[in-house]
Amino acid sequence: MLEYRVEIALWAISGIIPFFMLNIWTNNNLNESINISNIMLSRYFLCAFFVRQFSVVWVVFSFEEDCLMGKISPYLIQPLNPFFRYFAQHLAEQITRFPFALIIAFFFFIFNPESIWIPNSGILILSIVSTFLSFLIQFLIQSIVACLCFWTEKASSIERLLFIPTLFLSGLLAPVVSFPAYVKSWIYLTPFPYLIDFPANLLSGNKTNISGGLSMQILWIFLLFPLFKKIWSEGTKKYTAMGS
Amino acid sequence: MNLSKYLKVYTKFLHTSLASELEYKTNILVDLITAILSLIGSIFLLSIFFQNNGYIGGWKFEQALIIQGIYTILNGITNTWFNPNLTEIVKHIREGTLDFVLLKPIDSQFFISLKKINPSGILEIILGFFLLFFCIRINQVNLNFSFLSLSFITISCSICILYSLWFFISTTTIWFVKTWNAIEVLRSFLYIGRFPLNSFSFSLRIFFSIFIPIAFITTIPSEVFLGLSQLWKILLEVFVAIVFLITSRKFWLFALKSYSSASS
Numbered sequence: 001m002l003e004y005r006v007e008i009a010l011w012a013i014s015g016i017i018p019f020f021m022l023n024i025w026t027n028n029n030l031n032e033s034i035n036i037s038n039i040m041l042s043r044y045f046l047c048a049f050f051v052r053q054f055s056v057v058w059v060v061f062s063f064e065e066d067c068l069m070g071k072i073s074p075y076l077i078q079p080l081n082p083f084f085r086y087f088a089q090h091l092a093e094q095i096t097r098f099p100f101a102l103i104i105a106f107f108f109f110i111f112n113p114e115s116i117w118i119p120n121s122g123i124l125i126l127s128i129v130s131t132f133l134s135f136l137i138q139f140l141i142q143s144i145v146a147c148l149c150f151w152t153e154k155a156s157s158i159e160r161l162l163f164i165p166t167l168f169l170s171g172l173l174a175p176v177v178s179f180p181a182y183v184k185s186w187i188y189l190t191p192f193p194y195l196i197d198f199p200a201n202l203l204s205g206n207k208t209n210i211s212g213g214l215s216m217q218i219l220w221i222f223l224l225f226p227l228f229k230k231i232w233s234e235g236t237k238k239y240t241a242m243g244s
Numbered sequence: 001m002n003l004s005k006y007l008k009v010y011t012k013f014l015h016t017s018l019a020s021e022l023e024y025k026t027n028i029l030v031d032l033i034t035a036i037l038s039l040i041g042s043i044f045l046l047s048i049f050f051q052n053n054g055y056i057g058g059w060k061f062e063q064a065l066i067i068q069g070i071y072t073i074l075n076g077i078t079n080t081w082f083n084p085n086l087t088e089i090v091k092h093i094r095e096g097t098l099d100f101v102l103l104k105p106i107d108s109q110f111f112i113s114l115k116k117i118n119p120s121g122i123l124e125i126i127l128g129f130f131l132l133f134f135c136i137r138i139n140q141v142n143l144n145f146s147f148l149s150l151s152f153i154t155i156s157c158s159i160c161i162l163y164s165l166w167f168f169i170s171t172t173t174i175w176f177v178k179t180w181n182a183i184e185v186l187r188s189f190l191y192i193g194r195f196p197l198n199s200f201s202f203s204l205r206i207f208f209s210i211f212i213p214i215a216f217i218t219t220i221p222s223e224v225f226l227g228l229s230q231l232w233k234i235l236l237e238v239f240v241a242i243v244f245l246i247t248s249r250k251f252w253l254f255a256l257k258s259y260s261s262a263s264s
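Residue numbers (our numbering), protein chains in the order written: chain H, 1 to 244; chain U, 1 to 264.
Some hints could be false.
[What the hints assert, rightly or not] Only pairs whose alpha carbons sit at most 27 Å apart, straight line, appear in this in silico DSS-like list of lysine-lysine:
(1) K184(H) <-> K60(U)
(2) K238(H) <-> K25(U)
(3) K91(U) <-> K233(U)
(4) K115(U) <-> K154(H)
(5) K71(H) <-> K230(H)
(6) K71(H) <-> K25(U)
(7) K5(U) <-> K154(H)
(8) K60(U) <-> K154(H)
(9) K238(H) <-> K71(H)
(10) K25(U) <-> K154(H)
[To be verified] Sample of chain U residues with no beta-carbon within 10 Å of chain H, all distances over it, derived:
(11) T80
(12) N144
(13) S261
Just so you know, these hints were derived from the structure itself, not from any lab.
Bear in mind the structure is a predicted one, so any value in this text is a computation, not a measurement.
Think of the CB as a built atom: it goes at the ideal place given N, C-alpha and C, for glycine as much as any other residue.
Model the full assembly from the supplied sequences, consistent with the hints where possible.
This is the structure we're talking about:
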């Protein structure tokens, strides 16, 4: 992974959309309507950036390529589920990304010195756990989509479709508290706010329901995992090696 | 004679790539739903921004919708032509197949930029035009000759700038081989084009007009729609577009000198 330092640095830069959004929020005093101070809002978006950095998943794209190239066949013979391979890749890249994310955070604090804060260790551990759970949820969702490769060959377009609600509803572009009431009434039943909004609120010290959020995350993992197992076993039966 | 040759080649390109893309019909349907959802999502996001007092950066919601419309059209163009073709450059260079392109008796930039077409982007362009027509109605834009010609000029300049940005980044592949992530960075910067430039702080505004001229791409055409644009801004956009086109062309020719084929 260290071979691709420049790429990973660019990856980290491409995640800076939350900061642009923060700029719109603070520059137009939009926080007045949702009762969050500017400082808390900037912490929120910084945390959203961090959570996003450590929960990005691209397994469907790797899997699709491997599937179309027929590289999956040798993996299938191995006694380990090939998704563990992708899982390990994701973890390795997240660790490599950590220093770059820290550098970006450093620059962020230079421009916004008033928003420096140090979360206490309990909160820090809880938010690392919830970020990891958010990563797991996204990994499971994408793995399920990736398994659709066995049927449609181009599963990545389905993933792009799913990415749209993730982008707008997860809290990456605007905190979920700012959403209108008709969205807030149902959004907490979906997995989306637990992907970024919940861990970011937790880490930044904004108001959030800690036990509720964590249990919803775990609940979603328990719902998605059997689904993944099912679709995986169905899909591998369907699999006909391509390109080999 | 030269032009007619290029036109003829282009119709062949259209034919072959449409034929291969239409193989994946469900894919096109999924892409259409994606485009619609993404438009709904960005309008939803805009409506959150306008919850407070109905203005961001001096723009009203109805006016900001024009920017959305133009952004959607430009994004559609990106998805139809720039994205499928220019990501292909990466592949050409990594696998050394750029040799075959360079050997063809046709301009390499032309070949590489227009070879493929992704029909699902066209649906997005149509969607954008629908939104724009809706905006023209709710903002009571006067449809006269000068408006039409000015908006045509500014939008074509935007397309040229956008194309040059994409082409520029893809060209750097010749040295760096893998530029997927640089393209990702460009994408995330282009995302800013969904919002009026004035809604950003002064330093970011400068950044987005000088270093990466995203400001020119959507804000100036939208100002033309509202009749707010000054002549110097339009002239500046034309100038920037020409400069970008020429530099990207020069950059490509320069990059080709450093091209050393791979694995063949």
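Of the numbered hints stated previously, which ones are contradicted by the structure, given in increasing order? 3, 7, 8
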